[in-house]
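My request is simple: use the sequences and hints to build the entire structure.
The residues making up each chain are set out below.
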Amino acid sequence: MNAWLPLLVLASSLVPGLIIFALKEEHTRARIALNLGGAVIKLVLVGVMVWGVFQGQTYEARLPLLPGLELALQADALALLFVVLSSVLWLVTTIYAIGYLEDSPYRSRFFGFFSLCVTSTVGVALSGNLITFLLFYELLTLSTYPLIVHRATEVARRAAKTYLVYTLAGGALLLVGVVWLYTLAGTLSFTPRGFLSGLETQHSTALSVIFVLLIAGFGVKAAILPLHGWLPKAMVAPAPVSALLHAVAVVKAGAFGIVRVVHDVYGVEFADSLNLLMPLAILAAATILYGSVRALYQDDLKRRLAYSTVSQVSYIALGTAIAGPVAAIGGIVHLVHQGLMKITLFFCAGNLAETLGIHKISEMDGVGRRMPWTMAAFTLGAFGMIGVPPLAGFISKWYLGLGALEAGQGWVIWVLVGSSLLNAAYFLPILYAAWFKAPATHWPHERSFGRQETAWMLLLPPVLTALLSLAVGLLANTTFSPLQWAVFIASLEFMP
Amino acid sequence: MIEASGTPLPWIVWVILLPLIGAMLCFLWPRQGKTLGLLTALATLLAVIALYFQLLDGGVIRYAVGGWGAPLGIALYADGLSMLMLLMSALVGVGVSLYALGYFKHSPDNPAGFWPLWLLMWTGLNGLFVAGDIFNLYVTLELLGLSAVALVALAASRDALGGAMRYLFVSLLGSLCYLIGVALLYHAYGTVDIALLGTLVERNPATHVALGLMVVAMLLKSALFPLHFWLPPAHASAPAPVSALLSALVVKASFYLLLRLWFDVFSTVSMDLGMVLGVLGAAAIVWGSVLALRQTRLKLLVAYSTVAQLGYLFLPFALLSPLAWQGGVYFVLSHALAKAAMFMAAGNILAFGGHDRIADLDRVAQRLPITMTAFCLAGVSLMGLPPSGGFIAKWLLLDAALSHDQWGWAVMMMIGGLLAAAYVFKVVGFAFTQADAPHDAQPVSPFMEWSALALAVCAILLGLNAHYPLELLAIGGPVTFVSPSP
Chain A
1 MNAWLPLLVL ASSLVPGLII FALKEEHTRA RIALNLGGAV IKLVLVGVMV WGVFQGQTYE
61 ARLPLLPGLE LALQADALAL LFVVLSSVLW LVTTIYAIGY LEDSPYRSRF FGFFSLCVTS
121 TVGVALSGNL ITFLLFYELL TLSTYPLIVH RATEVARRAA KTYLVYTLAG GALLLVGVVW
181 LYTLAGTLSF TPRGFLSGLE TQHSTALSVI FVLLIAGFGV KAAILPLHGW LPKAMVAPAP
241 VSALLHAVAV VKAGAFGIVR VVHDVYGVEF ADSLNLLMPL AILAAATILY GSVRALYQDD
301 LKRRLAYSTV SQVSYIALGT AIAGPVAAIG GIVHLVHQGL MKITLFFCAG NLAETLGIHK
361 ISEMDGVGRR MPWTMAAFTL GAFGMIGVPP LAGFISKWYL GLGALEAGQG WVIWVLVGSS
421 LLNAAYFLPI LYAAWFKAPA THWPHERSFG RQETAWMLLL PPVLTALLSL AVGLLANTTF
481 SPLQWAVFIA SLEFMP
Chain B
1001 MIEASGTPLP WIVWVILLPL IGAMLCFLWP RQGKTLGLLT ALATLLAVIA LYFQLLDGGV
1061 IRYAVGGWGA PLGIALYADG LSMLMLLMSA LVGVGVSLYA LGYFKHSPDN PAGFWPLWLL
1121 MWTGLNGLFV AGDIFNLYVT LELLGLSAVA LVALAASRDA LGGAMRYLFV SLLGSLCYLI
1181 GVALLYHAYG TVDIALLGTL VERNPATHVA LGLMVVAMLL KSALFPLHFW LPPAHASAPA
1241 PVSALLSALV VKASFYLLLR LWFDVFSTVS MDLGMVLGVL GAAAIVWGSV LALRQTRLKL
1301 LVAYSTVAQL GYLFLPFALL SPLAWQGGVY FVLSHALAKA AMFMAAGNIL AFGGHDRIAD
1361 LDRVAQRLPI TMTAFCLAGV SLMGLPPSGG FIAKWLLLDA ALSHDQWGWA VMMMIGGLLA
1421 AAYVFKVVGF AFTQADAPHD AQPVSPFMEW SALALAVCAI LLGLNAHYPL ELLAIGGPVT
1481 FVSPSP
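Going down the list, the sequences are from chains A and B. Counting along the first sequence from 1, when you hit position 375 you're at 375 in our numbering, and nothing is skipped either side. Count along the second sequence from 1, add 1000, and you get the number used in our numbering.
One thing to keep in mind: the hints can contain errors.
[What the hints assert, rightly or not] Derived contacts from chain B toward chain A, CB cut-off under 8 Å, selection only:
(1) Leu1038
(2) Pro1387
(3) Ser1403
(4) Phe1432
None of these hints come from the bench; they were simulated from the model. All residues carry an ideal CB built from backbone N, CA and C; glycine is no exception.
Right, here's the structure in full:
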């Protein structure tokens, strides 16, 4: 049973996905049943797994691949954090996507690849070694491509092509890094505190180069400067895809990979002794500021959110690179927090586009009166990003700042302050315009939903995720909060 | 080791005899070609599987036909490497046979010729994989080459005739060079038996000339850059099932022969040539990929992709480690499955829309989801992304290159992978456009769609169970194939 559970968690989205491919376009009910059924089953299975891990069970599935190498799935603490995040957000996004894509063509294809995308993400989360990680990481690239190109316009095709060029090149670097690491270390299994510190010192140059290769490979998806070029373009995808891409799937897989490499391949201590973490921290800090500055100048709402993602995801890399337990907690917990906040914002942007035809910030005057629930959720998400207490983003920034001071890297405080000011500078005008300016006489392209502001399937998800992002901040000190989980993960890495 | 002789006829003979009998029956009763052909294909598959179990049980198999062993008679020999090749041919062969059932129903190409020629070619292939002496290798090579040329000429077009003609000249030239090599060796050492030659061969001018001639012959027939000029026109203009067979199996046969000569005959003299072959292989990867990327016709693109992928097979000659050889052989297997699937998918697209201009594919690709899935899965293997046979092969080659700090080869492989992605996605991109349906669509038989998909899925599955083929390869393989545990 303990070997089957991780496999079942994968199968709960893989199998529905494959069946959906075979469905005809008009089988809407069957498709919805498969989508929601798969998502709920996955959530239940993940719940069972979390419960089991609390009881001291270990879940592990292995498949021999090559002599000396195997594919491994395992549910360690960090994996569970990411799995829970992706399966919760998958359910929410599925509801949203069903509402969003009503009546649009090629839904079978869309939901098929959508399910494959989630399967790959969960696979990335559960990977027990680098080669399994690589496998799901590349699968993620392939299954996301059809989602980005879905609208089939010229812009979408160019965006998808850019995405492929970046990610496949990143994947190639990653492959070289992984193989090279394997030839030196003879193993690839993730181990808390890393498995490389026993290697002889003559390899330290090689290990540094490999670190650069791996981080470059993951940095492409995590949109770290200067590898972020694909992300703002990819926002041409339908809103649920953007939400998924920015919150759980692609970007997060890259960030998760960085955490894995630093914590479970090199080990923080060993990576720091090779002087690898400082450059990463500086790069992350530069990305945080750069993304925020670029976001300031975007009038297209989704583009502004995309640059905001570039900035926010690097908090995770920054927290990981500071080389102290408290900062690591901030970085890890931001995996969850950023996901909740950013998915809310993208859902809301999608609602505005679907309901009123609003794509630009300059068109948002007074929209709060027309769509109060949507904008309330948006406001929570935006305040969270700025770091207003007690929202989720505040917790992340608090731990990052505290951790930086503890590790003697005071300069990080200035980055956080600068970034928060910039966040405020690009989010507050939106909120001001939406709530306090007089609405336009007519919206660009309005659809009527009777007495509701928009379809319930579009409204429920952002409200839910906004409340979640409030809850994880408010209840950060309770036993089951992401924060406590992150504390536990960091203790594995830092406590001997 | 089994010294089998006498009655009843062992499986190693049946794997040659069955397709030969089938070919004759199909020739005599052309109207029953389909039924007879398919039955023969299945029977041959079963014989190969039986031989496989025999090999697993008893190790390397030797058989002297009619009780006359080397140096006078015909010796048959099967080890793990031969077995992998036989299994690969059987799998692809059955797939292509199923495909051909649908293909010749609507095609203007000559169906009566296909079955006897294809089964004759299969006879040649299987014979080549189990031949135990270099003269028999020549006979099977000639049989293979002539039937392959005739198969290309089945397509009733000018292009095909031109391609077939050029292919014929190349094939004959190659065989001739090889035959001279055989004659030189026979004259010098008085035997044609591979195992005996391996013990006798020494460094002298005659050996070197023979080696040179034979290697060049095999490079010509395996279309290694810069001797690839004949391949794209022949492979692209042939009927789709024939293209699949040529790219998947025929070029691999000459590669297999080269491996046999390299390890079993010339192992004491050949090593200094390896670097040259490796460099040519690397050049083939880049040159073939770039040309593939520049094609405007789908089948030509797939054919140039073969030129590029064949380059990988020659990297182990320069890398010279057990891992690299395993990688090379794994590449043969995965490329055979993936490329057969890809040519079959291309054939479906051509049959459906009546053309294979890549720029106008959007109307077609939309409406053949199974075919496009097959194309994409085959593409994954060609790009070397996990999980696929291509990935395992690339992993082994990279591992071999990096563990000896041979950076150049690793970089070449990465570039090759990215270029492959570029030409695969050049086609795949068209599956995601919203174009109107074409008015002149021809129906595509489900046999054609599903057989392509089945082979593509096999190429993917090859990436999940890599240790089985590798264990099989180790049976009786030359010392260099057997990996020391890492």
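Hints, one by one, checked against the model:
1. Leu1038: 27 Å, violated
2. Pro1387: At 6 Å from the nearest chain A Cβ, Pro1387/B passes the 8 Å test, so the hint holds.
3. Ser1403: 4 Å, holds
4. Phe1432: Holds: closest Cβ of chain A sits about 5 Å from Phe1432/B, inside 8 Å.
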